[in-house]
Amino acid sequence: MAQAAAVFRAPWAGGYRRLPPFVRETLRWIGWLAVALGLYTLLLLAYGRDPVQAYSDILSSTLGSTYGISEVLVKMIPIVLCALAVAIPARVGLVNVGAEGQLFVGALGATWATLAFPSLPGWILLPLSAASGFVAAGAWAGVCGLLRARGWLNEVFSTMLLNYLAVLVVDYLIFGPWRDPTSSNYPQSRLFPAAGWLPTLAGTRVTVFLFVAVACVAAFALVIAYTRWGLEIRAIGGNPEAARRNGVSITRYLVILMIIGGGLAGLAGMGEVAGLHHRLNPGVSSYYGYTGFLVSWLAGHRAALIPVMAFVMAVLASGGDILQITQGLPYAAVTLLMALILFVVLAARARKGAKSQ
Amino acid sequence: MSGPLLSLRQVTKRFPGVLANDRVDFDAYGGEIHALLGENGAGKSTLMKVAYGYYPKDGGEVWLDGRELDLKSPADARRAGIGMVFQSFTLIPAFTAAENIALYLPHLDLMPNVEVIEKEIRDRAVAFGLEVDPRAVVGMMAAGQQQKVEILKLLLAGARVLIFDEPTSVLPPHEIENLFAVFRRLKQAGFAVVFITHKLHEVLECADRITVMRRGAVTGSISGREATEDALLKMMFGGGAVEARRAQPPVAAEPAPALNLEELSSGGAGLPLREINLEVRRGEIVGVAGVSGNGQRELGDVVLGLLPITAGRKWLFGEDVTGWSVARLRQAGVAYVAENPGYMAVAPGLTLAENFAVTSPRAYQLAGGLRVDWARVSADMRRAYGALEIEAPDPGLRAGALSGGNLQRFSLARELGRKPRVIVAVYPTRGLDARTANHAENLLLAARSEGAAVLLMSQDLDELFSLSDRLVVLRSGRIVGRSRPQETTQIEVGRLMTGGG
Amino acid sequence: MTTVIALGVVAGALASGVSVFYAALGEVVGQRAGIVNLGIEGVMLVGAATSFAVTAVTGNVLLGLAAGAGSGLAFNLILGLLVVTRRTNQLASGLALWFLGGGASTLIGLSYTGTHIDGLGEVRLPGSGLLPAEWSRVIDQDVLVYLALPAALAVTWLLWRTRWGLHLRAVGEDRMAAFAAGLNPSRLQYQALAIAGALYGLGGAQLALAYTKTWQEGMTAGRGFVAVVIVIFALWRPLRTIAGALLFGGAVALGLQLQVRGLPVSPFLLDMLPYLLTLLVVLIFGRPKAFAVPMGLREVFGGTAK
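Residue numbers (this note's numbering), protein chains in the order written: chain A, 1 to 357; chain B, 358 to 858; chain C, 859 to 1164.
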């Protein structure tokens, strides 16, 4: 009897274990995604919505046309950059919850540079604007890193509270000093000069920032994998106690990686104002900072997985816009699905990490 | 006289690679103060932790008052009436004394009547000389007060056998007297008091019966009245002379010592070092003897540059390196061999090559840090292993995949294979099996004969005597004795370590 | 004039601070058990939406309050699945709970945006009508304001006068020590999460039923995070959370008063006051003396830095 059970089980267990690690990982992901989608389906049913219709709406609107795919890419750019803003500090154990605020500050910095030097040619203005956004957001986040390194305040609180402040600062400017006098109804800054617009790709709304995002992911992967700094970062992340004894300066990395992370979120902000809106307005971010946080944790802060997870989230985000129209579901309905996925993945992954916790 | 209250029969306890207790018999009677004496690592604590249900035993029996106990956890032992005070207390610092005691009460009311508990505490406190303020926060108490809380905790929980692990190690001298007075009152009230120690004069002062352990086995049990210092020392350390394994020191008449600590005091967490004067010359091993927790780890950390130096100077080959960072000191040729490398020296998730490179990443960088010359890292790693005549594992292997012994070999290869000028070795053989430990010792000797200056912390006097050119004894963060192995005896060093004679 | 403004600020501080107070009180219970919950924001939103929906449907505001507390309790237990049973990273799990709550509350409140309810009325103390209006405004508060002090006292009693509280605090200080003392840390942590969740839900319900009397997506505006910070400021003591919540509420009310009085400062700058004040307060009080902070939280916030 026991033998029969063993025979019955063997092909399953053995077969799965014989698969290459990459395939196993993919299968696991599909399993987790299925659990999350299953829970979400129950929820939709409870709400009297047609889940099949909802899922097919999401898929057909995003992946069913060139335009749909291009819109997914439009959302992917800021999501990837914000995910990097979370993932890079996370490699030394920092939890950056402030990508949303850092994005706003980056948008602010970019807007300032663009409106302050409107007559510069594009090839100077755009880099200047990007640098301004990076520096502003990097400094904004760097303060949190410094407070943490000094042991004064945990970065979770500082970055989170600064999110609310960043939004209010932007609101203040576009309702106040920066308000476009010609648009009386809608609070927003003046329109950027054409030189301050990011070039787009062949008739889509996708900007050249696509390449910037790709380059940043690649740089992150390469720096972590190949450089001396990457080695030291992995040493800190792997065992801070040993790293300290081996002569790695931990506090320096806490501050620098926070600055770089914040700067990348700021770059996302620059990409939004210079690429899509061409001005600063309150809608500069559609929860990209928070979505980036989800993506980074889903990807385990690994560069290779960030674009994949960002793609999934961008599909859901684009789909969320469609569901508002077709199913009368608010955008929050997809954030619910995103959170469910993170929940399932966190719980499933912990099995391995439970002992080290 | 009736039978023993606590009786251990043929208790055996194994840890990976170590036989901590080898068929040990032990009896403790009610109305008796029983000292369990032995060196560090003799197996005393392990034996008592088995009796307390803290470690599951691999063989033997635990009897209490004529009943065999089936101990699955300390809670079982406490329920039966066995209580133990650990060396590091198990109190919750933020709680008051009364709260800590209440937490262990077997029958606590839903809404505890604090006054009743406090009164009970005060009653016991008066009876046994354990005066503490039940409302005081334990974390703010001195160690002696905390110890009293621990004892009260056991008494109120109904313990009849009270086991103390090194109870005097945390106390200043006058409080030791108080503790012994408490012991005597407990004895008069019929409790069995067992205390673990390695301090001879304490044993002679207060024990009714003394059981001596050495290397996991009992070497003898005598009554307190018959015991003499020499008899006990012989039982503790054995009579045999230890063969010196060091060769003649290389003729190195260098004017400046490799490492020189001058009136050095340290701050930071842990035990502060006080006015340490210590020189280590090239081609010399200086052994640091001491009961663990007397500043050995701090001494290693100070040399490595981890702990802040509050007074005094640190010199390396005549250069003042007092304020130098770890990275800078390592670059200047300081190496550090840690105990428990999986926690102190190596990131388990990184490969061996990565762990190898991380102590001197700048040395392997290419293009200003954009690349790391992994080929050279691997070659150096192989060379380092080769220099130590060990077969090198695959540099691409994850460090976490290695066993404890192989991890320590890796750590030794990394630290010694680069021909460091100064080596700090802190308990380098702790937890290793005999073969690996022997290998590690040989590596340190080889480094010495190649001209390295070695500072060796160890709890094993045999090891210190066989390897060291000179010995210093550390107690409470101070150096309390200096000698050469051939001019002293283990008994004499043991005396200095334990503050006797 | 200044008296009028001052009284307005006090009245406003009570009304706008009380939701933060209940959240912080719940978080005291949670953190005393060793769990930092960054998802309070989400639980509050669920509590607010549920209580509003139930009140709108039934017209019974007490039923609404109960629904707010109950939904908060149930929703907060989800966190237990992650951080207690699966031992996941508390900070990431809390934020996931926040996203989940944000989404769920929007769905719950979907058809109630713009709905009118009478909401939780003020308690009319006898004699308050005899006072001048600006004075009576201070004492005419909803019942949850009046229950704040008893609630804080009750939690204090629970944590420091009962066996359960002793055990719970032991778990929060040192999970292993509690286990060694024969306790079941996981069960105690779930119980703490349940109580905390009910209090978060109550805080959210107060916001929707009494303070704004509307439902709006994301209406908590960071109050859940402020609550976590207030717990630090309050040194994990229930009664002190009242002071922290009043400080936050006072900053909100001051900004509103100044706006109403036509101060020539942008309302957005005034809106920053509560957040800036919270940051400042935690910077000053965020490094409490020894033994104030439950030791179990160290590993949560420990991370890499010393």
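These aren't lab readings, by the way, just hints derived from the structure by calculation. A couple of the hints might just be wrong.
With beta-carbon atoms standing in for the labels, derived distance ranges [stated by the list, open to error]: (1) GLY595(B) - PRO21(A): 47 to 57 Å; (2) VAL473(B) - PHE1149(C): 52 to 62 Å; (3) GLU562(B) - PHE1149(C): 29 to 39 Å; (4) GLY753(B) - PHE22(A): 12 to 22 Å.
Facing chain A, from chain C, some residues (calculated, C-beta under 7 Å) [unchecked claim]: (5) LEU949; (6) ALA991; (7) LEU1128; (8) ASP1129.
Some chain A residues close to chain C (C-beta under 8 Å, calculated; not the full set) [what the hints assert, rightly or not]: (9) LEU63; (10) TYR67; (11) ILE69; (12) LEU153; (13) VAL156; (14) SER184; (15) PRO187; (16) PHE293; (17) LEU340.
All residues carry an ideal CB built from backbone N, CA and C; glycine is no exception.
Outcome of range test on Cβ distance (GLY595(B), PRO21(A); 47 to 57 Å) = With Cβ atoms ~54 Å apart, the hint holds.
Have a go at the LEU949(C) hint: is there a Cβ in chain A nearer than 7 Å to its own Cβ?
-> holds (5 Å)
Interface restraint verdict for LEU63(A) against chain C (beta-carbon cut-off 8 Å) | Not OK, violated: LEU63(A) not within 8 Å of chain C, min 23 Å.
Is the interface hint for PHE293(A) satisfied, with its Cβ closer than 8 Å to some Cβ of chain C?
-> holds (6 Å)
Taking 52 to 62 Å as the hint, is the beta-carbon distance of VAL473(B) and PHE1149(C) inside that range?
-> Violated - the Cβ-Cβ distance for VAL473(B) and PHE1149(C), about 25 Å, lies outside 52 to 62 Å.
Given hint ILE69(A) near chain C, where the shortest CB pair must fall under 8 Å = violated (25 Å)
With 8 Å as the cut and Cβ atoms as the points, is TYR67(A) at the interface with chain C?
-> Violated. Min distance 27 Å.
With respect to the beta-carbon atoms only, verify the hint that GLU562(B) and PHE1149(C) lie 29 to 39 Å apart.
-> This hint holds: roughly 36 Å between Cβ atoms.
Return the status of the interface hint for VAL156(A): holds when the least beta-carbon distance to chain C is below 8 Å, violated otherwise.
-> holds (6 Å)
When the nearest CB of chain A is found for LEU1128(C), is that gap smaller than 7 Å?
-> violated (9 Å)
Per the CB criterion, is PRO187(A) less than 8 Å away from chain C?
-> This interface hint is violated because 10 Å lies over the 8 Å limit.
Has the hinted range 12 to 22 Å been met by the Cβ atoms of GLY753(B) and PHE22(A)?
-> holds (18 Å)
Against the hints set out earlier in the document, violations occur for numbers 2, 6, 7, 9, 10, 11, 14, 15.
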